[in-house]
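Top line first, the protein sequences correspond to chains A and B. Residues 1 to 481 (this note's numbering) make up the first sequence, in order. Residues 1 to 226 (this note's numbering) make up the second sequence, in order.
In short, the hints are calculated from the structure, not lab data. Some clues are possibly wrong.
Just so you have them, the derived chain A footprint on chain B, three or more residues with Cβ under 8 Å [said to hold, decoys possible]:
id, stretch
1, 46 to 56
2, 207 to 213
A few chain A residues that don't get close to chain B, going by computed Cβ distances all over 12 Å [stated by the list, open to error]:
id, residue
3, Q357
4, N394
5, S418
Keep in mind the model is a prediction, meaning the values are calculated, not measured. We put the beta carbon where it would ideally sit given N, CA and C, even for glycine.
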Amino acid sequence: MTTAILLCRDGLDETLAEPCETIIIDHLCRHPDRIGSAIAGGDRLVLGLCEGEYSLGAVQAEVRRAGVDPLGVELIHLTTIGQSAAPLDVVLNARIARAEAFAGSSPVNAKISFPRKVSRRELFSGPDHEYRAAPSIDVALCAADSGCRACVDVCPQEALTVQDRQVSFDRSVCEPCGLCVTTCPTGATVDPATTTSQLEAEIAGLLDPSVGRAETRSIVFTCARGNAPEAIPGWYAVTVPCSGMVRPGWILAPLLMGAGAVAVLPCSESGCELGHDARVDDAVEFCRLLLSSFDESSERVMTTRTSVVPKPLPRVALTDPFGPIGAVGVMQALAARHEEARNLLIDHQGAPTGIVQLNPVTCTACTRCVQTCPTGALGSANAAEHVTITFDANLCTACEQCTQACPELSRRAISLRSTTDMGALLNGRIALLESDTILCDSCGKPIAPAPLMERITKMLGPGQDAVRAMITSRCVSCRSG
Amino acid sequence: MSSSAEIELPRLRQGLYRFFAVAFLPPEAARIEQLAAAAQLLDDLGVDTLAFAPPWLEMRRLLDNGLQVQELETRYVRLFESGSDGALCPPVESFYVSSPREGGPALVAAELEAAFTSLGLCVASESNLEPDHISAQLELMALMCAQEASAAERGDLSSISEWSHEQRQFLDSHLHLWVPRFVARVRETTSSGFYRALVVSVGAFVDHDRELLHVLERRERTGARS
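Using the sequences plus the hints, can you model the full thing?
Structure representation (structure tokens):
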């Protein structure tokens, strides 16, 4: 993999040092046709341009013509960097890492749009259409066939629907906000321009102490719909499609990667234009609660940046911290620093994990919840004469698919709390419910869990004794024989 | 006054629809040569900068590598016309969207005949094409694009809108309904070759074009395109 770094000379004022291994091109913003020859066989690209001076559509066209996927191009606004306190070498280091973590996209990920802001060039020629990244669904990972509808339920534009137990996606109505991506419990829904690997690479690059000056660095998640945030020394921006998609694990992980603090900003001062402010507030509030429970400063997490931040925590090696269940590893790493963490229990709607409970009186052990659970947090073990339903809090993302699938929900057979219970996380898989199994009088094979059979026979009503006797004594195969 | 983009885009799309319509006709040496030349022309007009460029360029690579007409004929018949048990992947709408028992193919054909007639057209009898054949449907789209481009050249904004709307409706009601299933079937049936690349490419183009028309129509509704 080769990453080309092209910068427009017009954006490099005297405050910006010219980084090495970059190609500086005169008037690149006005002459995107110069991109192709400069890339010279590179398959990843970092472009430094001047905000408002180029047409994104024209740049993307030239990039694609040069054989590079435009959705993987890292675009830096040099004029913004010049005004901000973020040194170019740190930003470049992070964007190169992010570009190299790009895994490619397909035509279905390219959403056509027209620019909101028209560049000077476009004032005369009319705007070119441009492409924004839209998510797609990896059918091999998608749990829709077992009943999961997490992405469908969360999409504010109703761009996702389920047909024939497959998720169908209408790109033309999608306003990429990433909620489906961070809500998907299995990681099947992916925005190729904002993958968890790219985020991890970019944040690690921004916090790399070997690049740039010695300072306490902090991370600010900003919304792609908004303007670049005002410059505050030490704060480095990571842009996401919508701040509403930022989950607690994303906020906490940078704190263990070397950040002093993490902020999540909405797209404007009046809040999220897609109405996701509550999600941001919930995630931030949960993280602050968790940190204060661990005797860490809750001032490490915020929605309005401060110029003074706490010193960074010691760095910890994390595995896939931005993945669907990455928050668990991050919280466990934080908990490892505190002996009393085992007793921590936070009930909060912003919690990234959940606790499922089954009501032994009304649960029929039908295992619909197990079949629907997209992450395998709920499981079952079938022995000859009984069935055990198990639960592993480490795998639960509180997606609510189990409660929606439960046929006895009206009798409160199952409940799910958005809760982070460190004890449950440390316990791993536990038995939630054990039930006897009714066996066939003829062949000895299981017919059904006893509570389920009891429920069915009750529903049969009076005068059905013959049917009742048959279904409780013979399995389906032996009934016909 | 119309912008150059309003004239160029429908002309480019017209070219693409015509290209694909011809590419799905039975292979002949002269036709393959014409397709290769047309593909180069379309790239010069900017097709290689659009989001469906990767499958398009793969198809172009095979086209430029010199295709053997005899081999193409064999593959064409096997995939699209008839094999011992019928065509593996018939390029006709009625195969994918209707049930033969309910008289579906006839209904689809009648609906399409009506669409052609409303534009003053019919599928020429000597072409042996059913009205729901992919070539006929793509040709109809090409014609509507040409009408839109002509309206743009005249500066007739209401006609531009009407033709654009007609195209979107036709895509939504026909090509968008069955081409993705056709593509999936061809992908399952054959793992390589020109016709696989052609089908994947037309699928990506139809998907791209439908979205483009939806976006343009939405812009028009909100008054952004004038």
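- Query: Looking at A:Q357 again, its CB stays over 12 Å from all of chain B?
  - Reply: 42 Å, holds
- Task: Find the nearest Cβ of chain B to the Cβ of A:N394 and say whether that gap is larger than 12 Å.
- Result: 37 Å, holds
- Report holds or violated for chain A covering the stretch 46 to 56 of chain B, Cβ cut-off 8 Å, minimum 3 residues. Holds: 9 residues of the stretch 46 to 56 of chain B have a Cβ under 8 Å from chain A.
- Message: At 12 Å, judged by beta carbons, does A:S418 keep clear of chain B as stated?
- Response: 36 Å, holds
- Query: Counting residues of the stretch 207 to 213 of chain B that have a beta-carbon nearer than 8 Å to any beta-carbon of chain A, does the count reach 3?
  - Reply: Holds, because 5 residues of the stretch 207 to 213 of chain B bring their Cβ atoms closer than 8 Å to Cβ atoms of chain A.
The structure is consistent with each of the numbered hints, conforming to all of them.
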